[in-house]
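Novice: Chains as they are written, first to last, in my numbering: chain A, 1 to 527; chain B, 528 to 1260.
Any given hint might turn out to be false.
[To be verified] If you only want the chain A side, here are some residues facing chain B, beta carbon under 8 Å, derived: (1) R55; (2) P57; (3) G162; (4) T250.
Just so you know, these hints were derived from the structure itself, not from any lab. Even glycine gets a Cβ: it sits at the ideal position worked out from N, Cα and C.
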Amino acid sequence: MAVQTDVTTEEHGGVSSGAHLIDPIAVAIRTRHPEEPPSGRFSETDPSRGLDIARHPLVAKILHDRKFQFLMILPNQIIFWLVIGIGLLGTVVPGLNFATAITWYLWFCLVFVMMVVVGRAWCAMCPFGGFGEWVQRHAFWARKGKSIGLGLKMPERVAQYGFLLSVGAFLLLTWIEEFFNIAGPGNPASTSYMVLGIVSSALLFFLVFERRTFCRYICPLTALIGTVGTMGSVAGFRTRDREVCQSCQTKDCMRGDADGYGCPWYTWPGSSDSNSACGLCTECYKACPSDNIGLFVQKPLTSVVAPSRRRADVAWSIALLFGLVLYQQLNALTLFANFDTWLNNHTFFPHYPDPISYLGIIVGVAVLLAGVAWVFKVAFARADYTPAVSGRAFSDRTSTFRAYFLPLMYGIIPVVGADYFARQLPKFFQHLPRVPVAIGHLFGFGSTSSSLYNASLISSNAGIIAVQVGVIAAGTLASMWTSWRIAGRDLAPVGGNKRVVQISAATLALAIGVLVAVLYVLMNAAD
Amino acid sequence: MTATISTTETQAERHVTVLVDRCAGCQECVIRCPAGALSMEPVTWTAIANDAMCVGCRQCERTCPFSAITVDGPLAVTERYDPPIYQPVELRNNVEETRRGYDTWEEAIAEANRCLSCPDPTCMRGCPAHNDIPQFVAAVRDHDLERAHAILRRTTVIPDICSRVCNQAAQCEGACTWSLAGGVPVAIGRLERFIADHAAVPAPAVTATEDPLSVGIIGSGPAGIGAAWDLIEAGASVTVYEKDDTAGGLPIWGMPDFTLPDDVATRPWRQLVDAGVDLRLNTPIPAESIDQLLTVHDAVVVAHGAGVPIRLPVPGADLEGVVDATSFLKGAKAAMMPGGDPAGLRAELGVGDQRGARVLVLGAGNTAMDVARMARRLGLEATCVDWLDERFALARPDELAEARHEGVDVRFLRTLTALEGDGRVARAQLAHTVQPDRAKQPTVLKTVPDVLDIDLVVMAMGYRLDASFHEALPTLPIKKRHVGFAHGRWNASGILKNPASAYNHHNPVGSLALDREVGLWAATLPQRERVWVAGDALTGPATVVEAMAQGRRAARSILDAHPARPDRSSDFRADHQPRILIAYASAGGTTAALSQVLADALGVAGARVSVLPVGQVGAKEIAAADALVLGTWVEGLVVAKVRPAKAMRDWLATAPNLGAKPVATFCTFGVNPRGASDELATLVHGVGGTVVTSEVFGPRDRGEGARLHPTKPEAFANRIAARVIARVAAVVA
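Just chain A, with the same shape it has in the complex:
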């Protein structure tokens, strides 16, 4: 009779406890010693040991449970399939349709709250990536051996642009949204098609590429969450003891083992210095054979200020994302509406938004920010400054211009994040009460004539502007502080008087804050 045996074939140790039974494999492994990171490389970004919430037994138990992420995703999965179905089949009144009401009055605003407070909280529960991952793993929560699909990796010539791919996707999606007036909200079916399009493209990428390539590079929201989310107070899953990680011979957190998949986000807790690419999926935590990974919280803005590695794709993403939100503010002005109409007439484009003005303003703003960085360089850079030697990829090349541009863009993250958040507030304050009405409408009660439908959390424009300006003020102050800190650490050594550089960087943040605040006031005037 053949007996099935499942034996662990090798142990971490080398020599077993017996005196004679020696594992010859472990004896023969003579790997080189890993290099020590430069002193201070991680000291500013490593969270305090006491801020590891996974040390709490109940939290640990929940995080170890393979069903945890499934249960996080499941409610959103249900909601967004309802959005698809009800958007197509339900009432065409946007305010009464569950699809448009839940998506544009509540969800979009909540996503921004989550990213500012936590980071990638949405990614941990995202139904789009979640659906693709379920199919790719052919499991809801179980650890399966082989994934289905082609399992390709993103080619280097594309991957080196990092978040810029996502920014491209976000710009395209936003233009489509503006063109078809999806988020207005307009016809609920448009919202359904948009969600269906995101789910389909996510699924396609999950079947063609390995792991969460879609989430890391393509998802329209990943650049926004990966940049603005660095303000968040959750550091993500990080090493408890870097020595243990460096000497680990298996790296199960990256490769996966019986308890967990390898990190779907291509992040190693042993070297993570930001929450930017931690999807909070808990896989590394489950897979670690040494229980050396914790879930850490951190002070707000730590992941903006502390990382010493600045990436060009992140900096350009911030510049372009600021361009986009500024465009969305400008397009509410009568002056712009006239300009766009004039442009459409001369370019034979049917209606708003004209792609030339759309891209022109966004790219123009990004170039303008780059120009400001160039002015910083001209004004402050030492003549003898030599950038550190670095790689050849787009995201990691070094230059004197980049020595200014990258830190300055990191510094304005809070005000850009605040701008995005403030931009979502009017719909939230004015129309949130419509969400329960839309839910009621599904069951036969609730109409446009109900008092709740016509109620608002804040009804007056002045009230909303006050909140928006307040948000911008908070973001501006935060941005001035981050710019001050970053300038002191990263820009001052490149050249110029430290205080002057810090004041200049903080002034840039202030100027941006004032600009967007003024625009919110003018937008109201336009209304």
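Once you've looked at the hints, dock chain B against the given chain A.
Specialist: Using the frame of chain A, we list chain B on its own:
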């Protein structure tokens, strides 16, 4: 001999690309790069490569957890030198060895210089015995054969035999980093042979001991040799029972001299007998006598092999002129010996001296090749048929090439459907098959079969276990297949990433090696109390090197376990400190904490204790324990599905056979354990454990003031400890 670098201008040709966006700075590539071409970039803390130092081996590609590194360009390695095959002018009656080793140091060192000395050598994982290949190759480079033998001795006692008979293409050479990168591997087998041919394999260094452990070994094949060697060196008293009149097993009677010369095959037993092993020839041990052996030996190693030939049940299989490989090879080997009678054998086989008599050999594995090549030496025409596709052939590639060179007609994708003849076999019907995939069994096509005129049929499809042992050892043979996820270190080494190169028939060396590990670790566990099994007897037909390695594992496990027959003195028992493994499944920490309390109590009682979550317990941990304590929390809802935790149930469902080891169980519960304890005991019994005590531990047992007994964890632990220690002492006694 040519020793040109295949890519002399290669330094500029190779380029390493690090995908900086995905490189996480884990240094898996840096610590494994054989050439030291990788280091860390301090600002971004990602890997950077020095293209000029890269040799193109792709070790970094295989080991990067995020596939963040790619290498372009050719391999920087010299051409491999293989001595030409010896081709006798007259094949008939010539059994001179055909494969030659390196004759000169220059040849050996040139080949040794091709070895990269990989920091995490995949070849060593590919070797079933896990020889430290980079080290012994380095010793060859240093002209130090004594050191080379010392390195080999750690893992093998038959390098001279293995280097001749192993299928290196599917093992060490298939797993060589050059092979995994698509190139031609280092000639590891030939270098091992060079060591064994140019410096005698050292004899066992016997350690004298008083009152030695007494071990009986059934069978003198490679598994028996491996076990006997390590036991006699450790000072044990070893008695080997061999049913044949010659010691050595299959390598002696089943391998022709042109593959394995007799003086090489008999070398281990000459040395073992000189070292004091009590070899008892012509002494078959039937299965029912194992119990009797256990009364005179402290432990028994069953290593009788798998020598029952498999016969194909086709119409005509009972015709005259149909023989099995065992009888053919034994007869042919005797006939080819000096003073043998080849003509008499031909007459005995019914082919007389007719010219062009054809033997049909069923199978195209290594045994079939031996049969066919021996038939050629007897003056017969030989045709081998195998229903496998040649791409997935079981014979070693060089053996297949040699057989064809000697005139053997090897036909793949054919299977015998009928033998015809009037009293004696005269024709064979061979149907066509198709096999698109290695993992799939071939399909027989309904096309018109080939008809082959034949004079003799030798069935050489392999062997199976002697069924009479099934009752005594019902768990055998084990299924030698790795189930579940490979250990992280196997993943990290990169051996599982690529199949071997075309040179090695694209063998899936990584998965083959993982499967072999199952056999190795199964050999460390007793299959019954004081009975270990190794070699083909454990796994079914396999290879010489696996059998030897398993025999050594069994021997070392015995030495660690220190078993004792019933009439042993208490002094003998006192020499051994009981080793106890506590494996727990804990959810909230209570079971884990209780396990630690228990460990302390067992430690105080004199045991060597290890405590592990049950998920981390494998065959190795079980092998290193004389007794187990299994603790689990009780899951369920008060009355519904109250049972041991799923983690514990899952582990027991796939655990290796516990070989009657004593097992204590305990369940921690919140409200009522109901039948959880009994269910756990039943599961333990199902995997061959002997339950010595089953306890439950509830909320009232947690404090000083509780009324129920036991009143506190320490008392509870002491009670289990007392029972386990008592039981282990009894077993040892």
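Novice: So, as I understand it, the hint says T250 (chain A) touches chain B; can you test that by seeing if any CB pair is closer than 8 Å?
Specialist: holds, 3 Å
Novice: Holds or violated: P57 (chain A) as interface residue toward chain B, Cβ cutoff 8 Å?
Specialist: This hint holds: P57 (chain A) lies near chain B, its Cβ roughly 6 Å from the closest one there, short of 8 Å.
Novice: With chain B as the partner, please determine if R55 (chain A) meets the hint condition of a C-beta pair closer than 8 Å.
Specialist: violated, 12 Å
Novice: Was the hint right that G162 (chain A) lines chain B, CB cutoff 8 Å?
Specialist: holds, 5 Å
Figure legend: structure checked against the earlier numbered hints; the only hint not met is number 1.
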